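*Asks:* Listed below, chain by chain, are the residues.
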Amino acid sequence: MKFLTRQEEMVLLAVWKLQSDAYGVTIAKKLTEMTGEKWLLNTVYLPLDRLEKKRYLKSSLSDPSAKRGGRRKRLYKLTSAGIKALIETKKVQESIWQKISISYLESDL
Amino acid sequence: MKRKRAVPKITKAAEWIIRSYQKDWDETKRGDYEEIYREFSDESGIMRGKLRFFIYILRSLVPSLRNSISWRFMMLHNYLKIAIRNLRRQKLYSAINIIGLAIGITSVLFILLYVQHELSHDRYHEKANRIYRIAASIRMGGNDLERAIVGAPTAAALVNDFPEVEDAVRLKTGGNWYIRYGDKTYKETAFIFADANVMEIFSIPLLEGDPRTALSRPNTLIISQTEAKKYFGSDDPVGKTLNLDNSVDFQVTGVFQDIPSFSHFHWDFIGSMVSVEKRLVMEWTSLDVYTYLLLREGADPEALEAKFPAMVEKYCDQEFKAFTGKVYAQLKESGTKWEYFLQPLTSIHLHSNLGFELEPNSDIKYIYIFSAIAIFCLLIASINFINLSTARSTKRAKEVGIRKVVGSARSQLIVQFITESVLMSIAALFGALVLVRFLQPSFHSLIGREIDIHFLAHPSQVLILAAVMVFVGIIAGIYPAFVLSSFKPVSVLKQQTKGGSRTHWLRSTLVVFQFLTSMVLIIGTLIIHNQMRYIQNKDLGFQKEQVLVVQDAFILGKRIDAFKEELKQNPDVVSATITSYLPVLSNHRVRSIFPEGQREEKDFMAVQSWRADHDFVRTFRMNIIQGRDFSREFSSDSKATIINETAANMLGWDNPIGKRIGVVGSSKSEKYQYFTVIGVIKNFHFDSMREVIMPLALYLEPSSEFLAVRLQTGNVSGQIDSIKELWNKYLPGYPFVFSFLDDRFENMYKSELRSGRILGIFSALAVIISCLGLFGLSAYMAEQRTKEIGIRKVLGATVPEILLLLFKEFSLLVSVGFLIAAPLSYFFMRNWLQDFSYRTSITVWPFMISMGLALSIALITVSYYAVKLALSSPAESLRYE
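One line per chain: the protein sequences are D and H, in this order.
Quick note on numbering: the first sequence equals residues 4 to 112 in my numbering.
Quick note on numbering: the second sequence equals residues 375 to 1255 in my numbering.
No wet-lab data here; the hints were simulated from the structure.
Computed from a prediction, not measured in an experiment: that's the story for all the values here.
By construction, the Cβ of each residue, glycine as well, lies at the ideal position given by its N, Cα and C atoms.
Accuracy of the hints is not assured; some may be wrong.
Heads up, simulated EDC-like pairs for lysine to aspartate or glutamate below, C-alpha to C-alpha not over 16 Å straight-line [stated by the list, open to error]: (1) H/700 x H/687; (2) H/604 x H/535; (3) H/614 x H/557; (4) H/711 x H/693; (5) H/403 x D/109; (6) H/1033 x H/1011; (7) H/688 x H/557; (8) H/932 x H/619; (9) D/32 x H/408; (10) D/93 x D/12; (11) H/383 x H/413; (12) H/403 x D/52; (13) D/70 x H/413; (14) D/32 x H/413; (15) H/397 x D/52; (16) H/1013 x H/1095; (17) H/1056 x H/1003; (18) D/80 x D/52; (19) H/1013 x H/970; (20) H/561 x H/1079; (21) D/70 x H/416; (22) D/70 x H/401; (23) H/912 x H/1061; (24) D/56 x H/398; (25) D/70 x H/408; (26) H/1013 x H/1028; (27) H/386 x H/413; (28) H/603 x H/584.
Where chain H lies over chain D, by a calculated footprint (3+ residues, C-beta under 8 Å) [claimed, not checked]: (29) 18-29; (30) 74-87; (31) 104-110.
Same shape as in the complex, but just chain H (with noise of 0.2 Å):
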């Protein structure tokens, strides 16, 4: 029978599909597979034939699956047999290189929730991406001020004027308030005042009350879940009134979901604005609040910054007018800058340092520093991993050749070694996770935040990170296992095989990387431990120890002075001072000064500007170089200053004393005040030391957020007990609050003294487990040359020969680490210091001790063998074969 049909064709994907099981494909077989697509097309027509073959083909797969399936399952659960026979075989081995991971692995998880939690600050609110805040950029008198708030009417003007803002919100910080509900009171300190559409704009979700009403009327405010616990218990907290501070009353109108830790504010109170409306300067150049803005879908943020310079000759020109006498353009010839500029919200966490603030931010420094020490961590880990596997080769050469010999590919033989390294580093991550829930607290502590580490139990996360541990296993699993396959058989079993000079090249090499890191590391930590003891321990101009604060005496109110006086008579107190400026990073207070009879802008000076009572100097023992201190005296010292060397200097005046200041009014009533200056005082430092002194004055004004109390030296916790005393007399059932200025002076640095830690102890760790590698490094190689030694000892060596010998080799590795670690970590820490005015210089013995830690170390881990196989009789270590 004659076909008239042509012969049908497999196409390119059915025999794609079919060679992908089918071995040995060949004229024979894909004529086979034609005949049976013909047969099919001429029974049910050329689609539904189709559709049969390639049923046809999908069937065939099932059977050459199940089978692949199944064999590699055997090969799998044969490599896993071998693997752990082999771990158990060399405890010694897999305990050092499981325990070392298992810490690089803690460290790398540490981090890795660390910045997951510092990058999704903010992220949770529904808008944000469309949020930004304005802030203000400006330049007078020669300083630059960056600062996150900006004046009380710009959020209305921003609305009004510019269609790609669909809404702005204006907060105020509430300050501390003593709050009282029934028989409790509190201080709080988490206050905020915001406009009514503050839940508009931020997911603050409300729990109780109506969200757009609860902050619209005056004296309202919204508490978080936390807060009402605390002071309603179970009791519905709508429509309660809470007292503040003995005067105001405000009614509890709704309560929000507390905020998350992932945030960069933290209310507990959130208080409507209108209450507060009287007290907003509204004044452009008056920076007050906080200004929040919800761009439209779509809007172009850069676009709107640049119509900012036209807004500020609108609306500021006639304030810079009635201060100054000049518009802006013309103020901007003399090098006054007044400009504004937007911050997205998800950046403000990590990226923004503008004064003022409303919380402290990290810095993204931060997260770069630890991301790279924490793979350090695990670079170190998988080191010891790749020297030790490489060292051993020998060891295991033998098994390599029995296995060539017997018929196993070199395909097997790598997978069967990365298949133990993969098992390895799935043993180090059940260990880390162990260690990582026993450590979280000290971490917590480390950090000085509360992390979830919930969401390492989250199945995609559990997921990646055996992705990340399979990945790690490979990567330190695939060089041993190359060089441990291209063993040719013979050779090995002729014991030919001495690692080769490649391996023991590339072995010295990362040995040297190793010592490098841990050395890097070990310099940095202590030169930033010198800086710290240098910030503490520098002459500040003011003594710090010794003097009590006590917070929010103003709640006093008018019988302050009595409670100062009373205080007094205390034998254990030295002098007190009522004042709301600290030397430790407390308020600040701007003024633009000149010198009597210049009044050009030029002349203009920006300088802090403390109110201060009679006691302030000699409270804080200042010193006074030239003059006279605040004297109950002079009647004429209520319009008297006190400068310090850097504003006299600025003034340009050699000897101030009895020459006039002139200070630029805050508002629009007062316009000039003109002070005599009666004192200078000695530079002291009131900022952290990144900043150079800036100029101040001192003025007999009251201000009363403090009370600082100079105490004699004695038994401290009966000096506290007896002012509290005191105090309870005053203000009973007031919570009395105290700081010691010492531990405010700490906590201006506390995020070098955090980083300073955390950087010692990952440096610890990096040691440790390069000191874990070395360990099993030294063990190997001693164990090579026990025939050697055995040797060297019947030729007559001595212990300490024997010793030095062993010790050379990693002495060199170490020194050449040194050579490359010393000049790089200099280059880093001179870059870290730069950001402090005043700062130590980098000595010699950071470098000394890295040197001679790690050479000790060194030392140690190898003396533990080389001492053993010393001592040991030559008899024996030359039976050893």
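The shape of chain D in the complex, shown without the other chains (with noise of 0.2 Å):
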């Protein structure tokens, strides 16, 4: 399988831990919570395209609600594949982070 880039997973993961309510903006959010960086609405909708297509995901439209003045969510799910890539992606970060702690690396700064 081919691996997750760094901004897939990550927009993965939010997603996941979003469950029920992931979209647009709510996705930012979090993404903005989880890195410290912010996140624009933009930035996250590529990366949800890219990721649907690659059927990592997929989205459904919610009713429409009267505090969104009427307007739907593209609501986002994980499919099976897509939680296979996060399972996959974080075994091989594991393995490849196997045994190296952060003070052993600061010791050769």
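Mind docking these for me? Both chains are given alone in their own frames, and the hints should help you get the complex.
*Replies:* Written as structure tokens, this is what we have:
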């Protein structure tokens, strides 16, 4: 399988964490919260589109709510392929970071 | 939590910005943005919320912009790479296009320079748009005269009488002077006398001296920077004294910056008008000085012109009355006209062609002609481009097919092809700039002017040029781009495309157009050439060869007759005459004459009245057809005159010998003088052949600007040396300035000869460019028919038959071009010839020659490939695939 990019990995994680409330605004906020960097709407739309094309995500339209002035949301959900990809990524990460502690790296500074 | 406030809507402007970068804009995205907007206004109030949202949008723009730029850049890089590869692969084709375009652009650049130079004339004066020249339009004795000069009192009256005239300056030509400083003497011709306010009206910046007082005293002058250096070197010129003609001293009171080339006057010396005040005739009807007016801001020149007729009655009437006994209103009834008009300063150089201009002006007509030629050159080069690219389309069809199959959009293909043509046009631009740099001196001698090319290096001009080139590239590339990109991959890859009849038809039309333009230019050049030869060979009524003209003979003063007599001793000298009048556009003196006994105004005729001596007729070898020449044996000849045929006809005398003519005096003191006609001279041309021969009368009166010498045929330089030796004996240290009469004659037709030459060169260029295109096209066509020719040869066709086959198509195009070009150029050239009173008729030869030339060019270009193909073995050409 192909590896996820860092950005994809983070977006998938954010969607997973948000569970049933994952749409543009909340995903951007979650990512800002996770990374400490400002994520804008159009910077999340791009990876969301790409991940949907790769079938790691699927999207559905919510019912229109008065709160959003009658506009619907595009809600994202992980597919099983998406979850598998996350698991795989986590595994690879752990295996390459195995036995490497931060203090060990710092000793080489 | 229930919200009281309505959901804020995104404004139209904000939406427009967002949609410019946000793909797939839909309801959910709009909802997301609205949610963010709402959050902002909840947190920070409506106004600040708006601002924060706006900043948010702008921040979102940055990454998408960065993204699209880098993407476009990558594509551009790819387009360029492919374009360069293609140009390299098709060397002949690229070379033809680039060279053709480069030649076209070079001619455009030169003509652009020329036009810019011509149009910028006199605009450098700060007050240029308020300066006007007053000129006179006169009809007297049946002759219409338009003069750039007016009477000396006019300027003062205009300033006094009309509030809209702020100021006026008078200029009087100074003629030629021998100016001496220390041991240096030079002949100076660019000398003018001007009123003290000349520098307030024109922008003539003084480098030294005080502009307010420099020209206020008699016998003072200001001198141009270059001349100051010539006379005084590094010394301070102000306060130095210059001697004029060995008679008067002038003090230098200032140095002015050289007058730029784009001016309708170029003076080196400006003398104060008060120095010559005494010589000014203070009469309205004695045309004598140039008068330039400075109008007040916002004044209407047409309203001012409307007041001139009243001015004529107020001032000129008493002069008319003194001469003719009638006032202007009466004269007007008998057909006389005396009117004034204004010319804007900036229009003088291109639109004014009056009598007594300060310098010969140019003509707007040439600007139109040259611009048209430049555009044609560029057009022909662009046509080459279009023809060659569509012709070669089959070669590129496969590429297009493959590109389409692997997913290239049509727009990308179009951009690809246009990139190629823009690249070529830019390469051509660089070639053209190099050519301009090298050809600059030849161009200057061609147009007879120095033009500053530095403006080409000006950043704004470079930008304009680059823009023009991109434009030309796009124009030339757009048609081929659309044709090529429209190919369907399936048919292309199955090799079904054969150009199609539509592109073939277009190609033929364009080739016809090329031939047409070239032929029009060739015919025009030939007819101008014929007319020039006609003028040079026409019987002029005098012999222009073997006459040496010594200029400024008056400087000899009283010894001039002695000089002439001594000169006649020289065995090389046939005869010599002292006169100010030459039969080649020199001085003109028009006076009114009437047949004796008929002194009615209607009988007055304006006649050229020249002062001559006993040897005048003999020296120029003019023909007396009735009566006799002036003779020393008749002392009564001082009251005699010789008239030309036109004058005799106008006087209405069959046998004029012995009859008397009355001459209206030039001032009040001498009212009429009578002269007996002793001879009639055969008409001779003394004006340009554009004019009919005017009536003329010769009088035995002294005038001494020139000494004309008829020489024996023989060693010219030896003859000149011996005359110069004599001159130096009389006037040691004075420059001996001479010219030949036939050279002066040629000078009369300078502008025609020049435009003939320019037309010749540009038509040659146009022909070369179209040849290039034709060469490329024939190369392609021959290649296309390789197989066909192979089969024909196998079946027994001979080489000439094959040549004929290939040649037939082109000669058809040439013929069609000719059918259009012939009437077109006939029409243009007849129009041009109409300007000449004496002209050759248009013969069939120029047309035959241009047709023959076009055919042989087509033949030569086609045959190079055709011969190559026809001689090759059929086995090879059939194996070609």
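*Asks:* What hints, given by number in increasing order, does this structure fail?
*Replies:* Those not satisfied are hints 2, 5, 7, 16, 26, 27, 28 and 31.
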